[in-house]
Each structure stands twice: as structure tokens, then as C-alpha cells.
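2 protein chains.
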Amino acid sequence: MESLALNARPLPAGFMECLATRFGTACQTGDAIRQQHGASESQYPTVLPDAVIFASSTQDVVDCVNLCREAKTAIVPYGAGTSLEGHTLPLEGGISLDLSRMDAVLSVNHADFDCTVQPGIRREALNAHLRDSGLFFPIDPGANATIGGMASTRASGTNAVRYGTMREAVLGLEVVTPQGKVIRTGKRAKKSAAGYDLTRLYIGSEGTLGVITGITLRLHPVPEAIMAATCAFETLAGAVETVVQAFHCGVPMARIELLDAMQVRAVNLRSKLGLAEVPTLFFEFHGTPSSVAEQVETVKALAAANGGGEFRWATLAEDRNRLWRARHEAYYAAVNLRPNAIGFTTDVCVPMSRLAECILATRAELDECSVPATIVGHVGDGNFHLIFSIDPNAPYEMAEVEAINHRMVARALAMDGTCTGEHGVGIGKQQCLIDELGEDAVDVMRTLKQALDPDNLFNPGKIFRV
Amino acid sequence: MESLALNARPLPAGFMECLATRFGTACQTGDAIRQQHGASESQYPTVLPDAVIFASSTQDVVDCVNLCREAKTAIVPYGAGTSLEGHTLPLEGGISLDLSRMDAVLSVNHADFDCTVQPGIRREALNAHLRDSGLFFPIDPGANATIGGMASTRASGTNAVRYGTMREAVLGLEVVTPQGKVIRTGKRAKKSAAGYDLTRLYIGSEGTLGVITGITLRLHPVPEAIMAATCAFETLAGAVETVVQAFHCGVPMARIELLDAMQVRAVNLRSKLGLAEVPTLFFEFHGTPSSVAEQVETVKALAAANGGGEFRWATLAEDRNRLWRARHEAYYAAVNLRPNAIGFTTDVCVPMSRLAECILATRAELDECSVPATIVGHVGDGNFHLIFSIDPNAPYEMAEVEAINHRMVARALAMDGTCTGEHGVGIGKQQCLIDELGEDAVDVMRTLKQALDPDNLFNPGKIFRV
Chain A
1 MESLALNARP LPAGFMECLA TRFGTACQTG DAIRQQHGAS ESQYPTVLPD AVIFASSTQD
61 VVDCVNLCRE AKTAIVPYGA GTSLEGHTLP LEGGISLDLS RMDAVLSVNH ADFDCTVQPG
121 IRREALNAHL RDSGLFFPID PGANATIGGM ASTRASGTNA VRYGTMREAV LGLEVVTPQG
181 KVIRTGKRAK KSAAGYDLTR LYIGSEGTLG VITGITLRLH PVPEAIMAAT CAFETLAGAV
241 ETVVQAFHCG VPMARIELLD AMQVRAVNLR SKLGLAEVPT LFFEFHGTPS SVAEQVETVK
301 ALAAANGGGE FRWATLAEDR NRLWRARHEA YYAAVNLRPN AIGFTTDVCV PMSRLAECIL
361 ATRAELDECS VPATIVGHVG DGNFHLIFSI DPNAPYEMAE VEAINHRMVA RALAMDGTCT
421 GEHGVGIGKQ QCLIDELGED AVDVMRTLKQ ALDPDNLFNP GKIFRV
Chain B
1 MESLALNARP LPAGFMECLA TRFGTACQTG DAIRQQHGAS ESQYPTVLPD AVIFASSTQD
61 VVDCVNLCRE AKTAIVPYGA GTSLEGHTLP LEGGISLDLS RMDAVLSVNH ADFDCTVQPG
121 IRREALNAHL RDSGLFFPID PGANATIGGM ASTRASGTNA VRYGTMREAV LGLEVVTPQG
181 KVIRTGKRAK KSAAGYDLTR LYIGSEGTLG VITGITLRLH PVPEAIMAAT CAFETLAGAV
241 ETVVQAFHCG VPMARIELLD AMQVRAVNLR SKLGLAEVPT LFFEFHGTPS SVAEQVETVK
301 ALAAANGGGE FRWATLAEDR NRLWRARHEA YYAAVNLRPN AIGFTTDVCV PMSRLAECIL
361 ATRAELDECS VPATIVGHVG DGNFHLIFSI DPNAPYEMAE VEAINHRMVA RALAMDGTCT
421 GEHGVGIGKQ QCLIDELGED AVDVMRTLKQ ALDPDNLFNP GKIFRV
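Sequence lines, in order, name chains A and B. The letter at position 232 of the first sequence is residue 232 when you use UniProt numbering, and the numbering goes up by one with no holes. The letter at position 270 of the second sequence is residue 270 when you use UniProt numbering, and the numbering goes up by one with no holes.
It is worth saying that the hints were derived from the structure and are not from the lab. Treat the hints with care, as some may be off.
What the hints assert, rightly or not - Taking beta-carbon pairs under 8 Å as the criterion, some of the chain A residues facing chain B (in silico):
id : residue
1  : 59
2  : 154
3  : 156
4  : 180
5  : 200
6  : 288
7  : 292
8  : 436
9  : 447
10 : 452
11 : 456
Just so it is clear, the structure is predicted and the values come from calculations on it, not from any experiment. The beta carbon of each residue, even a glycine, is placed where N, CA and C say it ideally should be.
Just need the whole structure built from these sequences, with the hints factored in.
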């Protein structure tokens with residue numbers, strides 16, 4: 001792994017006192033808190049912030065931004081810390097701005113299928129809040145992430161094949177700009193052609209252009225009928241082919257997830273699902289009862305023709321929840337295939353026509369690899385991950401894994417795919433981004449960053465070098 | 001109407017000769033061509049470019065951009081000229097860059113449901129090209145616009161309620177930047193979290209940030225079953241209420257369009273549909289036969305409960321085409337309610353919960369207005385238009401219409417809606433944009449513009465004053 005190139009800026013005299021005066025106990029500098037905010041869920045070493053500020057309001061964010069700008073101190077927004085690409089690490093020190101206390105649901109507009117929330121609310125809490133409304137928020141990256149973090153990284157996950165990603169899910173944002181202005185990027189109309197699409201500019205900007213302090217989200221009616229099942233396949237190729245054919249048939253799947261044999265084994269170990277340890281698809285169908293029946297019929301026929309076994313239905317809501325909880329914990333299950341291991345995940349997404357070829361070529365590489373690894377993916381979108389369980393005491397393992405990831409990204413780009421379907425660029429994919437879009441396109445991004453954050457104070461060191 | 005504030009920059013000596021040398025007969029300065037490129041389909045007076053360049057390749061665009069940058073001469077991309085907000089008018093003179101000769105379909109990926117086209121192809125030509133592929137491109141703003149123009153204005157139209165707008169339809173763009181670099185903003189994966197969303201930044205930027213020279217579009221499989229119908233209503237309120245209830249029931253309508261009585265009269269006059277001249281909905285249902293049957297059943301029940309009559313089915317493909325052609329020509333039909341009239345259209349979009357109130361308040365205003373006007377709308381999205389037929393010899397009419405539009409935008413914004421659902425800001429909605437998002441948000445847009453186009457050469461005078 002490339003060095004993190006730490007470049008902590010010295011704090012100006014009196015700055016910490018200013019913060020303490022303004023924020024009182026919401027400004028914390030204790031070791032445990034700084035450790036927690038400087039750690040990562042994946043392969044990155046801990047990098048400590050100088051202080052953690054817990055914001056409780058947009059005004060808190062504005063004041064923190066203004067103090068940091070005057071002091072030329074870096075500021076890294078922090079939600080649930082579930083990023084897999086090191087997004088929350090304060091590479092130049094400074095402030096970790098924790099938004100988890102800003103977790104209110106500000107409004108739910110039942111008649112318009114939308115709601116407005118603060119950034120620190122987590123997706124499961126939002127859906128718990130919506131439980132009796134007949135509406136739900138579909139975007140589900142697995143981790144119980146904050147909505148602000150999900151917007152910042154353009155997250156997606158299991159439901160994206162039917163309901164889209166955070167790009168489609170957000171109607172408008174409230175953002176505190178690097179200049180300390182509070183702007184709103186959109187209203188609640190279903191569509192708009194009013195000026196530059198600032199909403200989409202901030203979605204996926206990974207905290208580098210300001211701090212998201214409010215999000216207006218599209219919601220969806222809970223479908224009349226929901227059915228979930230697993231289906232075991234003789235071969236990985238058969239499972240993938242089923243997905244591609246379901247796409248071609250236009251089946252409006254809500255979820256269609258692939259787990260290879262090793263991932264099923266990991267999930268069995270952690271979640272006691274008792275599945276056959278072979279390549280498996282997890283399905284969920286949403287719609288009216290007759291539409292779901294029609295979808296199931298089509299997909300069953302496709303699976304059977306591709307070496308799939310019987311569908312094993314999760315009929316009760318609690319069975320369904322257990323199934324998807326197990327899927328959500330796939331990352332931890334896979335990392336824990338070895339005790340005390342470090343996780344490392346990959347994240348390519350390719351056009352559907354190349355998916356089978358891409359997965360099979362990758363699986364062949366894994367068969368030669370000394371590090372245990374699983375394949376798991378939102379294959380209905382052409383997106384899949386490898387999850388490696390790396391021995392921290394065997395440095396050659398990290399090098400081996402990075403080489404595989406490098407080849408995997410090159411393969412995906414050669415197939416007209418992307419180096420990151422949903423995890424973002426963060427620290428580790430900056431060269432991949434250049435390989436994907438070219439230096440001139442990344443230069444346009446740098447120009448935007450330079451214009452909006454001229455002192456490079458917002459999450460410096462992420463996405464690209466300025 | 002505010003003055004167009006013409007501010008033609010003087011051309012440097014020898015510039016026209018440079019253009020002529022580089023482009024030969026693809027550089028035109030004749031009156032007729034300049035008139036055609038300086039005219040507008042709506043209320044704006046003609047503004048002549050100094051020359052029209054017909055680009056045949058991305059290299060032509062690069063060379064034109066480089067020559068204009070060196071000469072500090074404005075450049076306005078031109079497609080089909082169907083904008084209703086004066087987008088193609090060269091307010092500071094300079095070059096009208098006509099992209100209509102770049103009209104090739106570069107590739108169709110049947111297995112991925114996508115294609116890549118040049119910007120000058122029109123949407124009807126693209127669908128004609130796709131006719132035997134089993135795929136179609138759904139975005140349909142009515143006018144037979146170019147795909148490049150549609151991307152530039154974030155167009156949508158009748159199918160957006162089901163298939164989304166140009167924001168969702170574009171996978172990636174090729175853009176020539178103001179610096180003359182050719183960038184590609186995305187590859188062909190269905191989703192990506194790779195860096196800032198440059199694709200969405202250019203979509204809706206109205207030619208102010210560069211020139212779009214290639215577009216990769218999502219396509220959709222032609223549905224197994226398509227059914228179209230009209231339904232006449234006793235009242236405007238009943239028609240709108242039917243739409244709102246269909247939204248609440250989650251019916252995946254492909255099209256649901258409202259025409260008020262006056263618009264039906266205009267359409268009858270132009271297209272001989274022979275419809276009852278009362279408020280009417282035009283529907284289209286897409287899906288499997290059983291899903292379409294289910295949708296029709298639901299919507300029929302809703303219509304009947306709201307004073308709707310029998311559904312009048314357009315059963316044959318040619319009947320359906322005739323119906324939608326008539327709908328597409330609604331603008332011209334309405335403007336031509338008076339001979340030699342000037343058209344003026346409005347374009348608000350509001351949350352569904354406020355749609356009925358917004359339309360009825362607007363209709364009440366029209367009842368007091370001396371200028372003939374119709375209501376027509378993509379009501380499934382909360383988007384509707386007024387089309388005024390203005391006597392050019394009665395100046396008070398324009399003032400009356402502008403006052404109505406002003407109040408209508410204020411009403412939509414108070415309802416948390418937008419001043420433009422799909423036509424864009426162009427010349428006439430710049431104050432509306434500030435009213436909608438605030439001066440600070442528009443300042444962020446200005447900062448982006450200044451960073452990417454520091455000499456303000458690309459479609460100057462549109463969206464905002466720099």
C-alpha cells in the first residue's frame with residue numbers, strides 16, 4: 001500500500017482554546033475518541049485528528065467551518081465511520097466533525113413520498129421511523145451507515161438494481177460551503193431544470209467540497225407483496241448467467257445478490273444460515289401479488305436452465321430479515337474467516353454483457369491466491385466485491401491482494417466499467433480514477449475543488465491530489 | 001420582458017478569415033443562416049451570430065473552441081433550435097456552433113441496453129435507428145430535439161414519470177472543455193462512485209461549461225404490451241385528482257398527460273382528433289400483458305370515481321402515434337389559436353400534494369386573462385405548462401402574461417416546487433432561479449462557471465449573470 005503521506009498542518013496558537021470556548025464538551029480531544037474517529041474499517045492504519053467536534057445543528061457546522069477556515073485547519077466530516085475506502089481518516093490532521101448527533105427526521109411528506117433528515121441519522125433508524133407510514137427508504141449498502149455519509153460517497157447496495165443509488169434518491173441537500181454559507185441545492189419537486197445540478201455535484205464528493213447538513217430523500221411505498229429466496233447453483237457461471245438473463249428479460253428485481261461458495265461458508269459460520277456451500281443467489285421480489293408471481297415464474301425458469309436448484313423461500317418477515325442481515329454482515333463474516341485478520345475489499349462494476357467474463361476471470365485469480373477471499377455482489381447492477389481476510393503479520397499478503405485489485409480494476413476498465421461501483425475513491429483509488437477517466441477529466445475535478453475550497457481544507461487527500 | 005442586454009464583443013481582426021480557412025464552407029455568414037440560428041421558437045427577438053460553424057467531428061469542435069478562446073469570442077452550441085427559453089440566442093454575438101451534422105449513432109450495445117451517439121442526432125432519428133433492436137430511447141420532450149440539446153437542458157417530457165429525465169438517461173458524456181480538452185465523464189457501468197459527477201454537472205448546464213460532443217445513453221426494452229387511451233373529465237379538478245391518486249397507488253404509468261379544455265380544442269383544430277373539448281388525460285401503459293391489465297383496471301376505477309368518462313383506446317400503433325403526435329404538437333396548436341401569434345410557455349413543477357391546488361389557482365387566473373392560454377402538462381411528475389398565444393401588436397399582452405408567469409413561479413416556489421421542470425433557465429428565469437435556490441447557491445454556480453470558463457465565452461448570458 002502506498003504511504004498515507006501524512007502532512008498534518010500545525011494548529012495556530014489559541015485555536016484549540018477557541019474551539020473549546022465555542023463547543024464546550026462537544027469538543028473532545030481525549031485519546032479514545034480520537035482513536036475511534038481516526039480508525040478505519042478496512043486496511044488503512046489509524047490517523048488521529050487533533051480534535052473531534054460533535055455538531056448538534058447546522059449553526060454548529062457553520063461555526064466549526066468558519067473557525068477552521070480562519071485557522072487554515074483541515075476538517076473531515078464523520079458519520080458512522082463505515083467507509084471501506086478510508087474516507088474519514090484526517091490525513092492532514094485537524095478536526096473530525098462528527099455529525100452523528102444531527103440525527104433528526106425533520107419532516108415526512110406522506111403524500112409526496114419524501115422526507116427531510118439530518119445527515120447523522122442511520123438508514124436503519126430512518127426506516128424504523130417510517131415503519132408505520134407505509135413508506136420506506138430503499139438504499140441499503142449493507143452497513144448501517146448515516147444518510148449523510150451515504151450521500152457523500154454516492155452509496156447504493158442491494159436494492160439499487162430496482163430503486164437506484166443515492167444519486168437518484170436525493171431530491172435536494174442543505175450544504176455548508178467552505179465559505180461558511182448555508183445553501184439549499186433543490187426543492188421538493190420530482191424534477192427540475194433549474195441551473196447547475198449542485199445536488200449531484202455534492203453527492204459523491206466525499207466531503208471534499210463542504211459539509212452536508214440536510215438531505216431531502218425520495219421514499220417508496222412498501223410493496224404490497226415481498227418475496228425473498230435463495231437458490232444454490234452448480235457453478236458460479238450458472239448463477240451469473242441467471243442474473244444477466246433476468247436483466248435481459250426486464251424482470252424488475254428488487255434485489256439479486258451473488259455469493260460465491262466461500263462467501264456462503266463465511267455467512268454460514270457467522271449467521272448459521274445452513275446453506276449449501278456452493279455459489280448462491282439471494283433474491284427479493286417486490287410488487288403486486290400478481291406481478292411478483294410473474295417475476296418469480298420467469299426467474300425460476302432462468303435459474304433452472306442454468307443449473308440452479310429449488311428456491312428456498314424466506315416466507316416470514318423475520319426469516320427475510322435474518323437472510324438480509326446475514327447478507328449485510330457478509331463483509332465481517334468474510335474478514336473473520338481468519339482470526340484478527342484485516343479486511344480489504346474491491347469494488348468494480350462492469351456492463352452486464354461483461355459480468356460473467358469479469359467474475360470468472362477474477363475467480364480464477366483467487367484460486368491461485370494465498371489469501372482467503374470471497375466474491376459477493378450486487379450483480380443486478382454489474383457490481384461485485386472481493387473481500388480478503390489478510391494476516392496483518394504477513395506483509396506479502398497485502399502486496400498480493402493489491403496486485404489482484406490492480407489487475408481487477410484494469411480488467412474492469414478494459415470492459416468499459418468503473419473502478420468503484422459504490423465505495424468511492426477515498427485514499428486508495430486515486431490512480432484508478434485517473435486510469436478510468438483520464439488526467440484531463442480529473443483536472444476538471446481539481447479545478448472545481450480549487451474553486452470551491454481554495455485552501456484545500458475539506459477532507460484533503462481524498463479522490464485526487466490537488 | 002427585460003431587455004436582452006446585447007453586448008456583442010468586437011471580433012479581432014483576421015478572426016473571420018481564420019475561421020474560413022479552417023472550416024471552408026462549413027463556416028457560413030449569410031443572412032439566412034444567421035437569421036435561422038439567431039431566431040427562437042418563443043417570445044425572444046432574433047439575435048444574430050457573427051457566423052455559423054457546422055461541426056462534423058469532435059476535432060472540428062476542438063478547433064472552433066480553440067480559435068474562439070484565442071479570439072475571446074463567444075460560442076453558443078446549436079442543435080435543433082427547439083429551446084423555449086432562448087438558449088441558442090448568441091447574446092454576445094460570436095459563433096453559433098451547429099452540431100446537427102454530428103448525428104451518427106456510434107454504437108448500440110444490445111446486451112447492455114445502451115448506445116453512444118453524437119450530439120446532433122434527433123430523438124426520433126435515434127428511435128428510428130433502434131426500431132429493429134427491441135430497444136428504445138424513452139425521453140420525449142415533445143419537440144424532435146437533438147440528444148445534445150436535451151442533455152444540455154436536462155430535458156424530460158411525457159415518459160419521465162416512468163423512465164426519468166436526461167439526468168437518469170445519460171451514462172456518460174464526451175465534452176470539449178473551454179480549454180479545448182476532450183474529456184469523457186463516465187464509462188458504461190450502470191453505476192459508479194468514481195469522483196465528482198461531471199456527467200450530471202454538464203447535464204443542464206445549458207452550454208455554459210463546454211460543448212457536449214458524445215452521449216452514452218441508457219435504452220429500455222420495448223415493452224411487451226403498450227396500451228394508450230384518452231379519458232374526458234367533467235372537471236379539471238377530477239382529472240388532476242386521478243393523476244395524484246394513481247401516483248399514490250404506485251401505478252407505474254409510462255405517460256399520464258393533462259390537457260385542459262382549451263388545449264383539447266387547440267389539438268382538435270390542428271390534429272383533427274375529434275375529442276370532446278373538456279379536461280382530458282392522455283394515458284400510456286407499458287409492461288407485460290397482465291401488468292398492463294392490472295394498471296388499466298386501477299386507473300379506470302380512479303378515473304370513474306373522479307368524474308372521468310369511458311376510456312377511448314388508441315388500439316393500433318398508428319392510432320397511438322397519431323395521439324402522441326397530436327400531444328407533441330400541443331405547443332404549436334396552442335400558439336396558433338390566433339394567427340401570427342407569438343408563443344410564450346411557462347414550466348413550473350410542484351410536489352404532487354400541491355399539484356391540484358397549483359393548477360386550479362392558475363386556471364382561475366387564466367379565466368381573468370385577456371390572452372388565450374392552455375394548460376398542458378406532464379402531471380405525473382407534478383410538471384405543467386401554460387401556453388399563451390400572444391398578439392405581437394398588443395404590447396400589454398406580453399406584460400399581462402409575464403405577470404401571470406411571475407405569480408405562477410412564486411406560487412410554485414411557495415409550494416416547495418421549481419420554476420422550471422424541464423425547459424431550463426435560459427434568458428428569462430434568472431431571477432426565478434435566485435428566488436428558488438437563493439443568491440448563495442447561485443454564487444456557487446457562478447464560482448463553478450468562473451473556474452471552468454474564466455473568459456465567459458460559452459453561451460454567455462444564460463442561467464445567471466456572471
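#### Entry: Interface hint for residue 156(A), Cβ within 8 Å of any Cβ on chain B
holds (6 Å)
### Given hint residue 180(A) near chain B, where the shortest CB pair must fall under 8 Å
Result: violated, 10 Å to nearest chain B Cβ.
### Message
Restraint: residue 456(A) near chain B, CB-CB cut 8 Å. Satisfied or not?
### Response
violated (14 Å)
#### Entry: Restraint check, 8 Å cut-off on beta carbons, for residue 292(A) near chain B
Violated - the Cβ of residue 292(A) stays beyond 8 Å from chain B, reaching only about 11 Å at its closest.
### Task
With a cut-off of 8 Å on the beta carbons, see whether residue 452(A) makes it to chain B.
holds (6 Å)
### Satisfaction of the residue 154(A) interface hint, Cβ to chain B closer than 8 Å
Residue 154(A) check passes; min Cβ-Cβ to chain B is 4 Å, inside 8 Å.
#### Entry: Minimum beta-carbon distance criterion (8 Å), residue 288(A) to chain B
Result: holds, 6 Å to nearest chain B Cβ.
### Query
With 8 Å as the cut and Cβ atoms as the points, is residue 436(A) at the interface with chain B?
With a closest approach of 6 Å, the residue 436(A) hint holds.
### Query
Quick one, is the residue 447(A) hint okay against chain B at 8 Å, beta carbons?
Residue 447(A) check passes; min Cβ-Cβ to chain B is 5 Å, inside 8 Å.
### Task
Would you settle whether the hint for residue 200(A) is holds or violated, based on the nearest Cβ-Cβ distance to chain B being less than 8 Å?
holds (3 Å)
### Task
With chain B as the partner, please determine if residue 59(A) meets the hint condition of a C-beta pair closer than 8 Å.
violated (15 Å)
Violated hints, listed in ascending order, are 1, 4, 7 and 11; each of the other numbered hints is respected by the structure.
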